[in-house]
Each structure stands twice: as C-alpha cells, then as structure tokens.
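S.K.: Protein chains in written order, with the working numbering: chain C, 2 to 338; chain Z, 2 to 338.
Treat the hints with caution; some may be incorrect.
Identical copies go unnamed one by one, so any copy, or any two together, can satisfy a pair.
Said to hold, decoys possible - As a list, the in silico EDC-like pairs of lysine to aspartate or glutamate whose alpha-carbon atoms are at most 16 angstroms apart: (1) Lys223 / Asp117; (2) Lys90 / Asp299; (3) Lys223 / Glu329; (4) Lys223 / Asp10; (5) Lys34 / Asp286; (6) Lys278 / Glu196; (7) Lys145 / Asp7; (8) Lys64 / Asp313; (9) Lys223 / Glu196.
Bear in mind the hints are in silico, worked out from the structure with no lab data behind them.
So you can see what is in the structure, the chains are spelled out below.
Number of protein chains: 2
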Amino acid sequence: MRIPVDIKDHAYEVIVERGAVQKADRYLDLGRKVLLLTEVNIPADYVECIRKQCKECHVVTVKEGEQSKSLPVYGEVMHALVEHGFTRKDCLVSVGGGVVGDLGGFAASTYMRGIDFYNIPTTVLSQVDSSIGGKTAINYDGIKNMVGTFYQPKCVLVDPDTLRTLPRRQVANGLAEALKMAMTSSASLFRIFEEDDPFMQLDRILPEAIGIKADVVMQDEKEANLRKILNFGHTIGHAIETTKLPGECYHGECVALGMVAVTSGQVRERLLAVLKKLEIPTRIDFSTEAVMQALLHDKKKGGESITAVLVDEIGSCRLEEVPPSFFEERLHSILRA
Amino acid sequence: MRIPVDIKDHAYEVIVERGAVQKADRYLDLGRKVLLLTEVNIPADYVECIRKQCKECHVVTVKEGEQSKSLPVYGEVMHALVEHGFTRKDCLVSVGGGVVGDLGGFAASTYMRGIDFYNIPTTVLSQVDSSIGGKTAINYDGIKNMVGTFYQPKCVLVDPDTLRTLPRRQVANGLAEALKMAMTSSASLFRIFEEDDPFMQLDRILPEAIGIKADVVMQDEKEANLRKILNFGHTIGHAIETTKLPGECYHGECVALGMVAVTSGQVRERLLAVLKKLEIPTRIDFSTEAVMQALLHDKKKGGESITAVLVDEIGSCRLEEVPPSFFEERLHSILRA
C-alpha cells in the first residue's frame, strides 16, 4: 500500500508492505553512496539485506536509546559523511526506531544543507508516528527534541515483517499512539482495537494510523494548529515520562495514561477496555508535584493557559485553552491508590 | 529602500537604509526575547543600540573569524537559548559579518525546529552576499560550510553607516563580490565601478548588488541551476583561498583572482582596470599543484567535468561544462611572475 504525503513542494510516499526491506531498491534510489544509520539492537540481517542492495554502503551503528540523539553522536554521523566523501547527490538511510529516524533526519537535513533521507522504521511506534511528518531532532541540555529541523524524507518504508522480533510490550507501546489517532480522528480504527485482537491486526492498523497522521501533517506541517491534535494525551503523558527513569515507562504507555486522565464517562470506559487488551497499565505511581513541575516547564508558561486536546466522542476532538490546574485535577484519576 | 525577497512561502525584505540600526525595531519585532549574536570586533555601540530596542536581550559574543563557525560554538549558542528559556516565538538577531550571519542562521533554523532569524550584516561582503539567500552554515572537519540549512531570515537590515569603521581593504573585499554580480548580470552596475570611485558609491552599489542576488535566489533557492552564476570566479577563487593561511587573502580578493583567470580580451582589460581602483592584486604567488588539488577536492569529482561560469560580455554569462585542465591552464595568467 502506498500512502501519499504531499507537503508543499515535497511529495513522497509511505510504502506499507510486508517484505519491503527485501526489495528496498525498488522504492529507494540506492545506486549511489548510502550512509546506513542503525542501532545496536536492530537485527543484523535487516542491515545486511539493505546493504546488499546499495551501490556503496557505509554503516554507522549507534547505541540504543535517547542518549544517541545528542550533539556528539550527531557529530559522529556528520564525520562519517565527510570521511567517505558524500556529496549532495548521495543519501542517508535510517533503519531502526525513532532514535535513528530523528537523528538521521537531522543529519541528512544539515549535511551540505540537505541530502536525500530515507526512513525504514522497524518499531510500531516509529512506523505509525515519528517517521511520518518530517520532524527531525536531537536532545540538548537534557531537553528532548530541543534541536532539529522540519525536513521531509524522500520515502518511508514500513515493513510489518520487521515487527516479528519486537517484544510484545514494544508493540503495545506503538499501538498506543495508533490508538491515540483513533481516539481523535477515526471511530472505525478504534473499533478494530475494540472488536479484534490489536496485536493480530497490524496490517489493518498500521496503514490506517499512518493515513491519519499523514492527513494531519499535510494540512499543518509546522504545528501551527491542526497538528496539535496529535498531542492528545501528551501533555500529561510527556510530563510523566520526564519524571521516570529511561525505560521505566515507555512513551506510548505514558501517552495512554495521559489519555485516560483527560477522558471521562463512556469514552473513558471504552478506552480502558482497549488498554487492558494492550496490557498497558492505566494507573501508576508518581509524584503529582514532580509531574506538574515537568508539565509547566515543558509548556514554558506557568500560570498561563495550555491548549488541551479533548475527546468527547471517539473519533473526533476539540482544542480548548485550560489552566494548568485542569491537568493537576485530572492526574488524581491515574494515580495508583 | 526595500528589496523584496519572495521564496516560496517565505516572503521578506532587505532594508537598505542609513541609520537603520538606530531604528531597528521599526523593521524587526524586538518585543520578545532576543538572542543577539555578535563578534568581538563589532563596535560596542551597534550592539548597545540594538539591545536597548529589545524587550529582553541576551548577548552572545563569539571570536572573530571562521573558527567560530564550529560545532562547539554552535553548541554554546544553543545552550544560551535553552538557558534563557527561549520559545518558538522568540528570535535570534545576528549583528556582524558573514560568520555570525551563517552561524546565527544555522542556530535559529535548528532551535526548536526553527525560530525567527534577523540578520544585520555590518560588512560590505555580508551585506551584498552572504546575508541574502538563506544559506546558513558552520564548518566541519576542516571543510567550509559543510553543515547547514536553507533557512530564510524574517528580515535583513543593511545600514551603510556601519561600514564607516570598516578598513578599506575589507570594503574592497566586499565590493569584489558586488563586482562579480555586475560582471555576470548588470552592465550598468559595472559602469558605476568603471566610471566612479566605487568606495564613494556604496549607496548605489549595495542596493544594485543585493537586488541582483535576490533575483537569482528567488528563481533558484537551492542552487539547482541559475544560482550557479553566483559562483563566477569562485572555482579558482575558493581553491586559492583554501591553500592560503586564514586572513592572508580575503575571500573577495580570491574571487577577483578567479574572475581574472577565466576572462580574456576586452572583458579582462576592463575588469583589471576596476580591480586596480579597488586596490585588489591581480597576480599572486601560489602553487599550481596545491590549488588544483584543492579545486578537485572541492568539486569532489576528479577527472569529470566542472561547470564553469563564463563571461564573454560584461553583464551576461553562460554556463559551460569544462574539464579540470581548463582551470589549470587559466591559473598561469594570475601567477606572479
């Protein structure tokens, strides 16, 4: 399946296809110098498989985790590009999760003022979320995604076969972001989660969720307005994530908690039922004070209003300016008793 | 005088006006957090004058010269932005030469994926050349402008009064780039150089040269084709510059040599006469071997053809694919006997 993304003068496609990695050169122009950026935990056969399809391939492998989205690691990638004499006509391919997608996109967008970037996300989270929309990033001074660019890839290759080796908790982590898109934008996608086993329905869920995200970013590349709906569950979710140790709570799990916190009534009941299927906790331990501190720092505007994304009915949403106290009150409902 | 630059969805103006620095807030939105990036050799009163017009101003002063266009100095600028809590709605203002323009533009383009950038160039070279066109850059692994983005400023403020303190050789350095634009694109601008004292005609030369550069980049932002004409004199010029110690030959002086090398007959005679007025040398010492090595490394394609910009008649030019030997033969004519 080909999902078109058409942002200003950058039109490209997200290819969703089982076995796409095996025939990547059908979709990506690999007949040139390719810097293949990947992570230590990515199965070697994916990397080897892509490498064989390239005319000239140089592999850079970074450590897993957010620590690799740093200025020094970015410098290492740039150094590899310089060392191997990459020109404006060559390209960078990221193979892995959101970390190498964000880092690789940033490197590609800034090497010689921009070379072609291809993304082959291999986690559910990066397939449905971070690979779509052209946000590139590294962290800086301890703040996530502080440095980056808007830079669209030339093509995104989503191969559900790469998910076979992914731990179940990681699959659920990504499905939580797909569920978020269902909550704000698609009652029919939500019903797949509700009526079927989401873990068995990846071939239906992935293209649906990618399509929603693509539609949103096409209408609002730089988060002027509509793109804010993608932040549903993220104000609280991101604040909780900040207060936890790396890996303690996955991103999607935190977003799920954030969604639970800001919903109520029937919407909340249905959401809780799906999260149970996904084996995602809906209450956890945290310090309300620490979470609120992170939330206000994140929004950088203590005292003023914050744009909340609210879902009154599954499949649609509205934006509302609320005071920080709105979130503080809601936190109570997800705190483990 | 206002010169419009309209590149895709980024329309902005270059303001050319004596005393513009005194009333910068008439053109720039300074009623927010402003990171003012400047160099040690910039007169303190320019900085103070801008600072007074800002709601909240934080000054970062870097060392003069290319050494400041580095990843560590870029990191310092980003750190200052984080430290003072800059948001997407704040801005960065560069005050100085091409170094802070390039560095500041790169920082602004990548902080939180892009904040507003204003440029107040205070050298002839940066006023007529580097501030126009949206190329941002830092150097990497010893290669100039290896890392950067295309990012248009919100406004460029050119105040010819800032040139009063500039050494005569630096003025000539910038005028050489303006002369280059005259050579390829404007016989009438060339006549100003020919018939008057260029040092006394800055108010006529600056807007003309800026207008030519703006026209070119509007038609070809990312150097697909037309923008190549801006490289007239640069293939040899840049190669010579690379082989010299920093400050030994100024950029404009090297470009002038490059222009002399690739012209002949009447065109060359007229060019030599103007360069004499500008007190720019038209023959120097260099190692042909070293210059050719730099030239081929720069173009990254030994053996293949290079696009040469050629001027057969002043005010127009053509692009021609030539072998590297073309440049090698021409070098002879600018080598000091």
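S.K.: I'd like to know which numbered hints this structure contradicts. Please list them from smallest to largest.
M.R.: 3, 5, 7, 8 and 9
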